[in-house]
Amino acid sequence: MLSYALRRLLSAIPTLFIIVTAAFFMMRLAPGGPFDQERTLEATVMANLNATFGLDKPLWQQYGIYLSNLFQGDMGPSFIYRDKRVHEILAEGLPISIQLGATALILALLLGALLGSIAALRQNTKTDFAVIAVATFGITVPNFVVAPVLSLVFAVILSWLPAQGWGQWNQMLLPVIALALPQIAVVTRLIRGSMIEALRSDHVRTARAYGLPTHMVVGKHALRAAILPAISYLGPAAAALLTGSIVVEQVFNLPGIGRYFVIGALNRDYTLVMGTVVIVAVFVVVFNLIVDLLYAVLDPRVRYD
Amino acid sequence: MMTLSIKTTLLSATILAGLTSAASAATYMRGNDGNPETLDQHKTSTVAEANILRDLYEGLVVYTPAAEIAPGVAEEWEVTDDGLVYTFKLRDDAMWSNGDPVTAGDFVYSLQRIMTPETGAKYANILYPIQNAEAINKGEVEPSELGVKALDDKTLQITLNAATPFFIELLTHQTGLPVHPASVDAHGADFVQPGNMVSNGAYSLTSNILNDKIVLTKNANFHDADNVALEEVNYLPFEDRATCVRAWEAGEVHSCSDLPAEDIERLRGQHDAAVRVVPYLGTYYYALNHEDDTLADPEVRQALSMVIDREFLADEIFQGTMVPAESFVPPGIGNYAAGSPVTEYFDMSMLDREDKAAEILAAKGISPDSPVTIELMYNTSENHKNAATAIADMWSNLGVNVEFNVRDASAHYAHLRDKGDFDVARAGWIGDYSDPQNFLFMVESDNDGFNYANYNNAEYDGLMDQAAGETDLDKRAALLQQAEVLFMRDLPFIPLLYYSSRSLVSPDLQGWEDNIQNVHASRYLSLPQ
Chain A
20 MLSYALRRLL SAIPTLFIIV TAAFFMMRLA PGGPFDQERT LEATVMANLN ATFGLDKPLW
80 QQYGIYLSNL FQGDMGPSFI YRDKRVHEIL AEGLPISIQL GATALILALL LGALLGSIAA
140 LRQNTKTDFA VIAVATFGIT VPNFVVAPVL SLVFAVILSW LPAQGWGQWN QMLLPVIALA
200 LPQIAVVTRL IRGSMIEALR SDHVRTARAY GLPTHMVVGK HALRAAILPA ISYLGPAAAA
260 LLTGSIVVEQ VFNLPGIGRY FVIGALNRDY TLVMGTVVIV AVFVVVFNLI VDLLYAVLDP
320 RVRYD
Chain B
94 MMTLSIKTTL LSATILAGLT SAASAATYMR GNDGNPETLD QHKTSTVAEA NILRDLYEGL
154 VVYTPAAEIA PGVAEEWEVT DDGLVYTFKL RDDAMWSNGD PVTAGDFVYS LQRIMTPETG
214 AKYANILYPI QNAEAINKGE VEPSELGVKA LDDKTLQITL NAATPFFIEL LTHQTGLPVH
274 PASVDAHGAD FVQPGNMVSN GAYSLTSNIL NDKIVLTKNA NFHDADNVAL EEVNYLPFED
334 RATCVRAWEA GEVHSCSDLP AEDIERLRGQ HDAAVRVVPY LGTYYYALNH EDDTLADPEV
394 RQALSMVIDR EFLADEIFQG TMVPAESFVP PGIGNYAAGS PVTEYFDMSM LDREDKAAEI
454 LAAKGISPDS PVTIELMYNT SENHKNAATA IADMWSNLGV NVEFNVRDAS AHYAHLRDKG
514 DFDVARAGWI GDYSDPQNFL FMVESDNDGF NYANYNNAEY DGLMDQAAGE TDLDKRAALL
574 QQAEVLFMRD LPFIPLLYYS SRSLVSPDLQ GWEDNIQNVH ASRYLSLPQ
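Residue numbers (the numbering used here), protein chains in the order written: chain A, 20 to 324; chain B, 94 to 622.
This is chain B alone, in the form it adopts within the complex (with noise of 0.2 Å):
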């Protein structure tokens, strides 16, 4: 007792004499989840570019601390009443960097540019739904005719191929944010270098070594520079997170993206108030393959999933760093007043659940002394071992065996993209903006790249297309609960958990509030004295 008690006073001291050393108090030094693959918000892809990407640019829209959403260089908008044509008049003080107005030719250029097949844009397709993307992402038709226009300097139209309620989430994207036209041209794929990049957030681009920081300076001519109060950000790139966990330890940063699963339990006891851990925008899910021959049926599917104990993975596995999950859309998703359907066995206690289970099967035939074998595929991470070897010990009981396969990320992926030969697959899913839809569209019969399960059913297809047509926010998110009633009848995927958001947090930073999304701009943070 006598030296733990030693260690945590050292340690406190250690915080609070690094951080007055480490850093002056306007430099906050933020551990991010690795090195951006790309600074072009046309080219990017990762969580990590996005936390950096919104402290460069503003878009038309931004989140609040609280993730809310909040004008940005648009400072108001129209919709026409069919949700087709959005008409966003922009700020008259949004300037770049530089000094150069934020005009609306420049969104025009930037969404042309991310559509350009050129560019090689990884998330192009978010935007879609902006009219003729597809179509000139794919080089059918030429950039100019893509539905976003300059009225005048200060007036951009976007029109829609059709109504999408959640388009102006999509734009809180990075996908979204404009580039400097001038300086795309002049530089061309270098715009992004330091000393070439012109931004209109709140911080520029200093410098930027890789793998080892990226530092921000505040923009002077960012329209809200006086409520910015950080001077300099400084991003490190922790592929390791308990090097993060170290490095905040001994106060050389002031945060952290991530953290390992195994330490949160001594980080809850030693830093309680700064360990947070907050429902994330995601699924951890089993695709389940309809075209399996055990598979196949719906009630083999129920019984599989009734089975599987979700608090044992959240709390043993994974120490309470993910949240069981009881559907398919994570609760607390915008546009989703009716909420997911209730799944009546999850109200049952956990030996009920095995005893109905294994009646099912026994009906089917199924049961130890006669048990069929399933291919379990995951990629490899020593959590995804862990479940997958939890899971099938729960299905073992039922006489369900199985066989693991193993595969690196990339090699996982390719194999369901490629529409390899599978039964059960490890999966997950982030969304890429808080609306069910984005979740639910994963299965729709033509959904190529993420129907992994091979789903097929008119009936979920004609609510999804139903929805995507209704304006009026409550009906439409009636049509998609009657979907997500379907999806959790028929489970194409069995949902294991809900994803959480983990991250340090020094009590010195202020203004960091935890939200669903994970978004915190340094803009609204500060480190006083």
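Next comes chain A alone, as it looks inside the complex (with noise of 0.2 Å):
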């Protein structure tokens, strides 16, 4: 299995050189330029900053630069935030849409896990019924409803929770559950459906059969195979969890990586774009790899040799 994941990671390596090589021309395919604004710069100051930022060079030469930096890790400065290196950059807000992410995850694993179960065991009861309305409602309701609601609930009107900000604990519980609700829902659909499944497989049968208790039965022998296609689901939706959301992010003003996406292409601060470019492939990559292995893990049928 080691050498498996040896050879996906280098197999990594020409994606990853595809992808920032893509991003790196259509970037430029858009019209205007990181120094096009409301205020038209004087001919003379744009050719400065031009000159600064390397831009009066030929294409492939400014591909060239990015290249032989990215390879020492840096990638480059930013055209907009003038401060500070992309890396710099990145390097601030990551940790934050992590710990966010990585939150809301877990979150949605076990609620989703817990719902489905218990959805899946009382099949067709009002219990599953509900479980099932409040799960598709989560997964209708976009986020951009839910966050400013969440906010204007629990902070304006009953002044629970901070509306916005970063630092504090109780700063992190409205993303988290904005960012966790449409998760918990998707989540909970799939292992009510896989749940359901496995409750009537032979191993599971002859697990009753043999008069293990309950929670027994569907903890250890059903939930096992119920929860694989939860696994394959929340591969990329990691990736995209952990790398931010622009929504939350600028809801609850955090000061996250979500947002640079966005920001990064409408200013058309062309490494900071590319910045963000890479982080999410190397997340896609990464997670799609520790999914596959996870199979192998829990699925006796999967094996990589």
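Read the hints as simulated data drawn from the structure, not as lab findings. Check before you lean on any hint, since a few could be wrong.
Simulated pairs of lysine-lysine, BS3-like, Cα-Cα distance not exceeding 25 Å [said to hold, decoys possible]: (1) K231/B to K76/A; (2) K182/B to K231/B; (3) K247/B to K231/B; (4) K247/B to K182/B; (5) K512/B to K76/A; (6) K512/B to K478/B.
Derived DEER-like restraints, expressed as beta-carbon distance ranges [what the hints assert, rightly or not]: (7) F156/A to N320/B: 52 to 58 Å; (8) L192/A to K478/B: 32 to 38 Å; (9) G73/A to T248/B: 38 to 44 Å; (10) L192/A to A483/B: 41 to 47 Å; (11) G232/B to I176/A: 56 to 62 Å; (12) G83/A to A483/B: 45 to 51 Å.
Now the stretches of chain B that chain A is said to cover, found in silico as 3 or more residues with beta-carbon under 8 Å [said to hold, decoys possible]: (13) 128-141; (14) 496-502.
Quick reminder that beta carbons are idealized off the backbone N, C-alpha and C, glycines included.
Make one complex out of these two single chains by using the hints.
Following this line, the structure appears as structure tokens:
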């Protein structure tokens, strides 16, 4: 399994290279540049800025410089946030996004597994319908509605929690809930479906026949099979969650990196966009690998040799 | 009604509880437009940066709470009769936060630095009136040739290319703020980082986390420190204005620097005294391409302007947060004793204006039966879209059909800059300093960057040149007024609305005076217990 993991990681290098190259040139195809704004800059000033940032060089040369810097761990200067380099900006924000995303992810997995199992065990009862109704609601109501409503109710009206900001534990609650809700809903539905199937499978029937108590049958034997679809869903979802969400970050004013995807693109902050692309690409590759490895652990039928 | 009153009570209780718990009385939680792009006064360009830099540094001159010019580091200055040479006497007790005295040499260093091409200063051109500044910025002349000299430690002399009556106004801009030379030499571009930064204003920089907050602490070495009430100022960046409003209602911030237009009515209902909608030094306009076949005709341009119901735009689309514009230069601007000229059709009723416009266009063969089509270009935004839709509707009654062309801001302005083809384009202009020249210069025929209309009128250029050479402010104002008469006759731009600044200010925050520049230095504010 170790050699499999190494092979997968090595094969990720050309993938990342292609992504970086494609993103670099696509970004430059967009009309306008980082210094086009409501106030047009004086021609001299524009020329000085282009020279300062190397934008006056031919594109292939800029690409070469970017790549060689990237290999040395330098993602270049941000065109907009001029006091920092892109890797410094991402290093400031990424731990916050990861902290939020990981908490939401764990919450989604635990609550989703619990609710999904309960619904499956009480299939077609009121409990089941209630869980499904809530889950459907959670999937359909978008983040940009849930987040402001949470803030309005718990911060402005009830005054229980802060409306925005970062640094104290209670500032994490609302954003984590806003991030986790849709994920809980999806995981609940996935687990419910696969759990119903698992409960009817041969090995679970055998376990019951041996007279094992229900919590052992469900918790140890059925859940292990039932959780697989949720795991394959959560791999890519984790990559998205851990790299931040623009909606949740803006509504709760959090210094994560989710916002840089959108702000960077709108500002034509080429290096910042490239930085976020690299981060997301790495997360997607890594999480897909983790999912595949987890499959081998959870499902005895899967083996990598 | 019952629930409403309960909610209101809860709200006010919340605000009271919040303000006392979230922040100790001497810490001002200040909502800002967004994160500053830089804290380097020579690379700066945004209002969010201006707000913070004004707290960190003191320039030769400063703004009072009412945005009037007052002595800053310079306690007095003299101008030669020809308006070319300014001599500033610096105050003896001006000190940097590390205890160094602020000297004339610091200003020489700073002004040379902003003009050095390698600095990449976005707003260098605002100081081009200084002798040799432009040539230095172009890399043609050494920075030491700049017309700024230290006669001694406390006497600074600035020589200009030509008389510039608004030169003192220019020095209020954040680009005129000094840097501490030793820190810049030691840390290079990193002199702006907390721990490295040495500043000479009422506050010094304690921490700066991108998109989280910027903490400023009172500078004990500031010469007027005794009159600075707030011990700490936390700047919180709000990309999303609604978030700031919620934080304000929850008592987590004392002021917001902008408000969502759609929420103004509710806020006025609930917290009337806290909502500050104040005229601002800016104009929202449509540029008309004078090289377009249809728009080349001045009468057609007049008709298009005449038929736009600006009250509707201001009240319905911008919820009373913009003011109908009847001139290009906004009212309340400095150095404009004569004031903007009156354009007669603004006195007519909307119905009469529509009839007159239809009559003009009918004479040109344009009517709903034989319509023309023009393209209206704007940058993405809900409000720009609504305004464009309303104006297209007003024009359609005249037989002018509109096709929209929408791009994001970068692409929109790049298209205008590159002299891309267009008929009508939305734009806005916020004055950099309070002088009509800062508005009217935009359509001088040789202004490559801003004359989107390709307006070319020798008489207009002549008046602007004459005004530039006139040192008598009243005569100069009269010349500028004549230029604006031509502007309103020829309409390179159709002025639509004057901007307003929109702030939400806690009743606990004392010393906040509404002003046209929307400047509110923290040193004048206080939070009495």
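Evaluated hints:
no., hint, result
1, K231/B to K76/A, "holds (18 Å)"
2, K182/B to K231/B, "violated (30 Å)"
3, K247/B to K231/B, "violated (30 Å)"
4, K247/B to K182/B, "holds (6 Å)"
5, K512/B to K76/A, "holds (23 Å)"
6, K512/B to K478/B, "holds (23 Å)"
7, F156/A to N320/B: 52 to 58 Å, "holds (56 Å)"
8, L192/A to K478/B: 32 to 38 Å, "holds (36 Å)"
9, G73/A to T248/B: 38 to 44 Å, "holds (41 Å)"
10, L192/A to A483/B: 41 to 47 Å, "holds (43 Å)"
11, G232/B to I176/A: 56 to 62 Å, "holds (59 Å)"
12, G83/A to A483/B: 45 to 51 Å, "holds (50 Å)"
13, 128-141, "holds (count 7)"
14, 496-502, "holds (count 3)"
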